[in-house]
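> Heads up, the sequence shown is in this note's numbering, so the first residue is 1254 and it goes up one at a time.
Treat the hints as calculated values from the structure; they're not laboratory data. Cβ coordinates follow ideal geometry from the N, Cα and C atoms, glycine included. The reader is advised that the hints may include incorrect statements.
As the list claims (entries may be wrong) - FRET-style restraints, in silico, Cβ to Cβ: (1) 1289 <-> 1570: 21 to 27 Å; (2) 1526 <-> 1444: 41 to 47 Å; (3) 1459 <-> 1487: 44 to 50 Å; (4) 1426 <-> 1392: 50 to 56 Å.
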Amino acid sequence: MSEQKISEASGQVTAAPVHRDPLALIVRFQSLIGLVLVAIGGVIFSPRRHGEILFLDPDNIANIVRAVSETGIIAIGMTFVIITAGIDLSVGAVLGLSSVVTATMMISGGFGLIPTILAVLIMGIVFGTIQGTISSRFRLEPFIVTLAGLQAARGLALVVSGNQYINISYGDGPGLAPPVFAILGERLFNNTVPVATIVFIVFAAIATIVLNTTRFGRYVFAVGGNERAARISGVPVSMVKISVYALTGFAAALAGIVHAGQFNFGSANDGMGYELTAIAAVVIGGTSLFGGSGSMVGTVAGTIMLGALANILQLNNITPALQLLATAAIIVLAAVLQSLVRRREGLGR
């Protein structure tokens, strides 16, 4: 997992020292450790059918990764924001708005696949850019700005949809979506790998390269690690902050397109609570809520871990209420471990 820091004295971005504290190592790899433990628990507690472990059934594994694809895409964008010590509460609502606009453009507007996808992605970028600009320009807390953005996106979705489900039917005539769009709900490679999962993996791979190998990625770590030192060293702090919110808007719009393709409808209520699941995946993945450190690999592992945990509980007919409690306990544990490490390193409370 790539971690960087910026020196306030020299103004240089450097690699962070390797942690030798066992607790710090646990926190650094907590998502991978958690994923392994959840997988072991899944094998142990999974129901059996004809002597076979249901948790390990290929169809069940495919269902897990398909179910987490949308929140995983959002979590990838959220990782950039949280590394800069920000937060974005609007992503679930932007997903809903994007699904509605996607369905409306193809069904009511008669737009083709490419124009629809481009328009929705640009909309997500613009929405995120506006939020990032307001937060940076007026030095407002991202929590407040994106909370307002959540309400705005949800309201726009209600206006566009008329508070109705917009069903997507496929064909070549008016009022029908291009049949190729239905591929987002299908599986490839002998009907085993969901297309939504492929989108998630490809997006995660690109984001990993951007975060770990580009100047922009170094700037993201620098802003989150020490904003004042980053500014002194010439890092365009405002532009970096605006850019990460634009990225998150893009991710939410992409997830909205995938959502519409998987379920064949758009609704203003789509994506409710997705922002909390995405934040949970990022935190469980080891990205610090205080900013300055994190990784995409951890976020992907955290996303899959949450999906696997929910699947195990569902296989054992555990109520959704207990599922939420289990997830909450994991989030709190991850946050406590991060806080303990910061205290040991003398970085604050």
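> For each hint, tell me whether it holds in the structure or not.
Here is what the structure says about each hint:
no.	hint	result
1	1289 <-> 1570: 21 to 27 Å	holds (25 Å)
2	1526 <-> 1444: 41 to 47 Å	violated (30 Å)
3	1459 <-> 1487: 44 to 50 Å	violated (26 Å)
4	1426 <-> 1392: 50 to 56 Å	holds (52 Å)
Comparing the model with each earlier hint shows violations of hints 2 and 3; every other hint is respected.
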